[in-house]
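Taken in order, these protein sequences are the chains called A and B. The first sequence maps to residues 1 to 471 in full-length UniProt numbering. The second sequence maps to residues 1 to 471 in full-length UniProt numbering.
For the record, the hints were derived by calculation from the structure and aren't laboratory data. C-beta atoms are modelled at their ideal positions from N, C-alpha and C, and glycine is treated no differently. Check each hint, because a few of them may be wrong.
Partial list, computed: chain A residues near chain B (C-beta under 7 Å) [as the list claims (entries may be wrong)]:
| hint | residue |
| --- | --- |
| 1 | ASP8 |
| 2 | ALA54 |
| 3 | ASP93 |
| 4 | GLY172 |
| 5 | MET354 |
Derived, one-sided and incomplete: chain B residues facing chain A with beta-carbon distance under 10 Å [to be verified]:
| hint | residue |
| --- | --- |
| 6 | ALA24 |
| 7 | THR40 |
| 8 | GLY51 |
There are 2 protein chains.
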Amino acid sequence: MDKNLMADLRGLEALLERTKTEAASFLNRLDELPPAVKATPRDALSLPEQGLGAEPSLRLFMDRYGQELGGSTGPRYFGFVQGGTTPAALAGDWMASTFDLNSSHPGSSAAPQVEQETLEMLRQLLALPETFSGSFVSGATMSNFVGLACARQWVARQLGVDVAEQGLYALGPIPTLSATPHSSTLKALSMLGMGRGSLVRVRGQPGREAMEVEALRAQLDSLGGKPCIVVASAGTVNTGDYDDLEAIGRLKERHPFWLHVDGAFGGLVACSPELAHLTRGMELADSVTVDAHKWLNVPYDSALQFTRHPELLLEIFRNNAPYLDVRQGPAPFADQGPENSRRFRALPAWLTLMAYGRSGYRDIIERDCRLARMLGERIAGSTAFELLAPVRLNIVCFTLRQEGGATQESIRAFLDRLRDDGRVFLSPTALDGVPGMRAALSNWRTTERDIETAWSALLETASQGRAAPVR
Amino acid sequence: MDKNLMADLRGLEALLERTKTEAASFLNRLDELPPAVKATPRDALSLPEQGLGAEPSLRLFMDRYGQELGGSTGPRYFGFVQGGTTPAALAGDWMASTFDLNSSHPGSSAAPQVEQETLEMLRQLLALPETFSGSFVSGATMSNFVGLACARQWVARQLGVDVAEQGLYALGPIPTLSATPHSSTLKALSMLGMGRGSLVRVRGQPGREAMEVEALRAQLDSLGGKPCIVVASAGTVNTGDYDDLEAIGRLKERHPFWLHVDGAFGGLVACSPELAHLTRGMELADSVTVDAHKWLNVPYDSALQFTRHPELLLEIFRNNAPYLDVRQGPAPFADQGPENSRRFRALPAWLTLMAYGRSGYRDIIERDCRLARMLGERIAGSTAFELLAPVRLNIVCFTLRQEGGATQESIRAFLDRLRDDGRVFLSPTALDGVPGMRAALSNWRTTERDIETAWSALLETASQGRAAPVR
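Produce the entire structure from the sequences given, and follow the hints as far as they go.
Printed below as a string of structure tokens:
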């Protein structure tokens with residue numbers, strides 16, 4: 001055995017201790033760390049011929065990069081819609097790395113059983129009926145991919161084609177109707193061989209990202225009974241808007257379509273009595289996307305796909321021989337989703353659900369929404385910024401108030417200065433063509449004090465280079 | 001803040017200590033743990049209304065499942081082709097969970113830079129020329145998916161179609177030629193909308209899984225210049241066989257095809273002077289699949305895709321606006337692969353490459369191959385078992401010597417008894433229709449002593465219920 005491998009095998013416990021110490025040091029500083037950092041360009045290191053051993057390598061990494069990682073898992077990283085990591089989820093992820101179990105195949109450990117149990121708890125958290133079953137995927141993009149793959153298989157079946165076997169060649173384009181789909185829906189259409197061009201836009205309600213259901217109905221009418229796909233949003237990324245899932249779902253009584261609901265983060269509000277009305281009708285979906293590394297606050301990579309049609313998963317994703325009806329028990333996860341082997345992803349979710357329960361998640365979700373409203377009120381009353389949309393959920397979408405209007409460049413420059421200030425991180429966007437930015441509050445650690453800190457940073461950054469301070 | 005979240009925030013360091021202790025306890029027992037365990041059926045737990053907090057939840061998990069996880073990351077798990085976790089990779093994975101960085105987007109941390117650096121080190125380890133660039137994906141199935149998505153885009157381009165935009169509808173089936181593709185190639189064809197039926201088998205060499213290059217040439221001739229895809233294997237799962245990549249690559253001079261090389265585990269032998277001849281010609285590929293959670297011994301989920309045509313990745317996987325030629329620096333990883341956001345997957349690979357270097361990986365790979373030959377010799381000289389193929393790499397493919405021949409059932413029963421014995425774990429297979437089993441040696445911890453232990457377990461399990469002991 002290589003001498004470094006041998007030495008590390010003997011010193012494994014000391015290495016774990018050292019790793020824990022580094023981790024604790026990072027987490028203890030998390031509240032003060034800049035949420036994001038611009039990295040210095042460097043010449044890349046080459047593969048060493050002889051290695052350094054684990055501990056010197058960890059030191060080298062921390063020396064070289066430790067100051068430029070950023071505290072994106074901390075309380076004032078408001079970029080994208082990115083969750084943090086609860087303590088229980090972090091412990092679970094460490095143990096998942098340690099066990100390094102492949103949870104796809106039954107018969108060699110309890111991991112597949114833990115995964116089923118976790119999926120059942122998540123189904124309960126999402127208030128989905130028992131007709132839904134799920135599996136873990138690596139993120140919302142892959143979950144949308146799985147949902148749309150099922151939709152593709154279902155639509156083609158209505159037309160007498162088995163896409164999994166025959167491909168899409170014998171079909172005409174499958175219309176995919178949506179008002180404000182996440183960019184990953186277009187990406188999934190590309191990946192699936194359906195083409196980005198198969199997306200058909202449905203008109204939104206005035207001043208909203210939610211679709212005009214009457215417009216959808218008219219479009220479905222015009223398809224004259226041709227089966228198609230509808231992608232509804234449960235929480236849009238720019239304004240946290242929701243399609244009327246119940247009204248859309250009712251259209252299925254008269255029109256043949258597959259309803260896919262993208263609830264990457266917004267689906268989770270189903271656990272809050274205060275907000276659950278937003279997801280009413282989600283049970284009418286054929287497939288549902290939910291991220292776990294967003295509002296569930298488990299580490300990357302973790303998301304869920306739920307569907308009422310698991311038999312389609314097997315047609316598309318089975319890895320080996322066709323399934324027999326006599327098969328007992330649930331199908332291996334390897335046959336239900338894109339990945340064959342995969343990490344014991346359920347464990348961080350199992351631990352965090354058990355540790356904080358429904359009430360813990362209500363707390364995170366309702367608090368983040370309350371804090372977003374608070375930030376929204378500051379912006380609404382400000383001379384420096386203006387809201388681009390009402391604060392509906394956990395997202396504040398706003399722009400710089402400046403003569404001639406904000407531009408992509410002025411937003412970019414402002415956000416770079418804000419990042420370099422180090423107190424808060426936001427990401428850029430555009431709403432109806434207007435350049436702006438978003439604060440997405442999705443972290444269990446964020447408190448009122450963080451909003452105060454973030455607001456000071458926003459105002460001070462906006463003041464820079466101006467004659468008079470802004471407010 | 002929920003009282004459990006608050007308590008765990010205050011006690012985070014103690015929780016990490018407790019997690020480390022559990023992890024060390026597991027790893028200290030790894031050599032004695034059964035590599036695989038059959039799980040007891042249990043009623044699933046429900047989502048608790050109030051949580052228990054992190055530490056009691058961890059205790060509950062270990063009490064409930066701790067005895068049924070199995071030591072699959074230990075030295076005698078020979079199932080599938082599953083690597084273990086080097087100490088440096090484990091430390092890296094813990095830190096990746098702790099930082100919880102999304103490494104897809106540049107501009108907010110050094111993570112994308114570390115990923116580039118890691119990819120460069122891996123390119124060097126794989127001895128691929130500088131014309132190749134790569135990115136991390138979650139496993140070999142997704143890597144094959146990416147390679148074949150590029151192939152699909154390339155073939156359609158030759159025919160004047162942009163699949164990413166227009167879909168596959170305007171095309172006829174795209175032939176995908178291969179001799180012994182991994183099952184994930186068929187699954188990827190299904191996912192891509194190309195259909196499993198588009199796979200065209202190429203004859204293998206007598207008694208080999210490697211393709212008959214003359215047969216491929218004849219099939220390409222018969223396509224009369226129609227562009228197509230060839231999937232070559234660098235390490236088949238059953239016998240560790242390699243296609244002649246150089247001879248296949250040379251056919252590109254006269255025939256238009258995309259060459260995808262599936263080197264999920266076998267690609268890594270490029271780092272061993274003893275074995276590198278097997279991957280000769282890999283540089284002629286258009287895309288290459290390599291797993292990291294196999295022979296690189298980093299935790300799940302980790303694999304690489306490499307390609308010489310990164311512009312196709314952007315066409316297929318770009319998440320937002322089309323890329324302009326004026327763009328500076330490498331494209332964000334979100335636009336280069338299936339996932340938009342993802343874990344800081346490069347970190348465990350960075351640390352293990354730095355810790356053990358090229359020589360450490362040579363040690364692991366050459367040792368596993370030597371030990372496989374050793375086990376193969378035992379089997380060749382045995383009355384209980386017989387080899388189904390020569391031991392070419394790190395895989396021993398064999399079957400039970402029994403009257404009338406082994407059946408799927410007798411193999412299944414034998415492997416269940418072997419798993420329950422607890423010393424070694426193997427997975428079932430069939431080679432040319434003959435039911436058998438495989439020992440795949442892919443772990444850095446495996447030593448000669450483990451082969452002795454495994455051999456005793458195999459013989460004793462084969463003896464059970466027989467009048468005379470086998471040998």
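Evaluation of the provided hints:
no. : hint   : in the structure
1   : ASP8   : holds, 4 Å
2   : ALA54  : holds, 4 Å
3   : ASP93  : holds, 4 Å
4   : GLY172 : holds, 6 Å
5   : MET354 : holds, 4 Å
6   : ALA24  : holds, 5 Å
7   : THR40  : holds, 8 Å
8   : GLY51  : holds, 4 Å
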